[in-house]
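2 protein chains.
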Amino acid sequence: MIILGVDPGTRFSGYSILKREKSSIYLITCDFLRLSSQKPLPERVFEFCENFEHIINKYEVTDISLETPFLGKNAQNFLKLGYLRGILYFLAQKHKLKILEFTPREVKLAITGFGGASKDQVSGMVHKMFPRLPIFKRDDVTDAVAISLCAAWQIKNLAASYEG
Amino acid sequence: MIILGVDPGTRFSGYSILKREKSSIYLITCDFLRLSSQKPLPERVFEFCENFEHIINKYEVTDISLETPFLGKNAQNFLKLGYLRGILYFLAQKHKLKILEFTPREVKLAITGFGGASKDQVSGMVHKMFPRLPIFKRDDVTDAVAISLCAAWQIKNLAASYEG
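Protein sequence lines, in the order shown, are assigned to chains A and B. The opening residue of the first sequence carries number 1379 in my numbering; numbering runs sequentially from there. The opening residue of the second sequence carries number 1379 in my numbering; numbering runs sequentially from there.
Just so you know, the hints here were simulated from the structure itself, not pulled from any lab data. This structure is a prediction, so every number in the text was calculated from the model and none was measured. Heads up, a few of these hints could be off.
Identical chains blur together in the list; that is why a pair holds if it fits in one copy or across any two.
To be verified - Taking lysine to aspartate or glutamate and the DMTMM-like style, the derived pairs with C-alpha atoms no more than 20 Å apart in a straight line are:
hint, residue 1, residue 2
1, K1474, E1421
2, K1417, D1441
3, K1476, D1441
4, K1476, E1438
5, K1476, E1425
6, K1476, E1399
7, K1476, E1421
8, K1472, E1399
9, K1474, E1428
10, K1400, D1517
11, K1417, E1479
12, K1497, D1517
13, K1472, D1441
14, K1436, E1399
15, K1397, E1479
Hey, can you work out the whole structure from these sequences and the hints?
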């Protein structure tokens, strides 16, 4: 099971690749994709697709893990998030990957044991689990790791051993 | 200029192909794509993409015309509309097509002369312009024709002659 966790955004998209093998979980890589705000949206959507298709092929991804979005104050941002999620759905179908979705509360609960945890608490816990993980300036990356961890854990609760 | 007008939906997507040549506008075809509600969303998003890529190639589309969506009562439907729009943005960039967008008010105003027109009034006007157009059971098709007409008209107001 090779899980791609994504926290998509039209500027920054965090992602993480986790491998689950027997009772172990390995964090293969994590990073973020930056899309220029100078570029028109169709170009960014296309770049997002190309980039994640490359990642899916490179790491032989089997599952995509996502957080269910909620409508915030800005309906346009919510719609744009839809553009990127649509691309991930398209790629999942094209490459026969499973899509797993978790609510923000489920992700926080799985990682920190508390559904109302802050972004910092999630990030802190992710760093505790993977001590060799570099500090990213953006939460998107640790969020993506947390989202992919949820998918790795969801089949059964493993007494997992971690390898950064 | 060959315009693809789309009124996307996860069940029914109306579309229309208009050709603008000098001062004439020709309605090449219009129809709708039906996606089974039994199928999971990634499969429908993929089918939507395949179908519209086929249409873009078949009719040598140069422009895609869309209506700007508004957030209705159902935020989940709004998000799903984002999935399909994301695919159209992706296809536009992939095939180097221009995207033109109009608000619902602009579409109604262009077609009926009244920005607050009903769906029936828009449909009635479209049928007046293209008398040989068959009656579709769904408004999505005449909506798509109206959306593509907006794009055909937007460069300058043509004294257009119509050919159904």
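Hint check:
For the identical chains of this complex, K1474 and E1421 are inter-copy neighbours only, at 10 Å across copies versus 25 Å inside a copy, given an alpha-carbon limit of 20 Å. Taking identical chains as interchangeable, the C-alpha atoms of K1417 and D1441 lie at most 20 Å apart only when they sit on different chains, with a minimum of 19 Å there against 30 Å within one chain. Proximity of K1476 to D1441 under the C-alpha cut-off of 20 Å is restricted to the intra-copy arrangement: shortest distance 5 Å within a copy versus 34 Å between copies. Taking the shortest Cα distances, K1476 and E1438 sit within 20 Å of each other inside one copy (13 Å), while across copies they are farther apart (34 Å).
For the homomeric pair K1476 and E1425, the shortest alpha-carbon distance between copies (17 Å) is at most 20 Å, but the shortest distance inside one copy (22 Å) is not. Taking CA atoms no more than 20 Å apart as the test, K1476 paired with E1399 passes inside one copy only; the shortest distance there is 17 Å, against 46 Å between copies. For a Cα distance limit of 20 Å, the shortest separation of K1476 from E1421 across copies, 11 Å, qualifies, whereas the shortest one inside one copy, 26 Å, does not. For the identical chains of this complex, K1472 and E1399 are neighbours neither inside a copy (25 Å) nor across copies (37 Å), given an alpha-carbon limit of 20 Å.
Taking the shortest alpha-carbon separations for K1474 and E1428, both the intra-copy value of 17 Å and the inter-copy value of 15 Å come in at or below 20 Å. Neither within a single protomer nor between protomers do K1400 and D1517 lie at most 20 Å apart by alpha-carbon distance, with minima of 29 Å and 53 Å respectively. Taking CA atoms no more than 20 Å apart as the test, K1417 paired with E1479 passes between copies only; the shortest distance there is 17 Å, against 29 Å inside one copy. In this homomeric assembly, K1497 and D1517 come within 20 Å of each other (Cα to Cα) only inside a single copy, at 7 Å, whereas the closest approach across copies is 45 Å.
Within a single copy, K1472 and D1441 get their C-alpha atoms as close as 12 Å, which meets the 20 Å cut-off; across copies the closest is 26 Å, which misses it. Within a single copy, K1436 and E1399 get their C-alpha atoms as close as 18 Å, which meets the 20 Å cut-off; across copies the closest is 46 Å, which misses it. In this assembly of identical chains, K1397 and E1479 lie within 20 Å of each other by CA distance solely inside one copy; the values are 18 Å within and 42 Å between copies.
In this structure, the hints that do not hold are numbers 8 and 10, in rising order.
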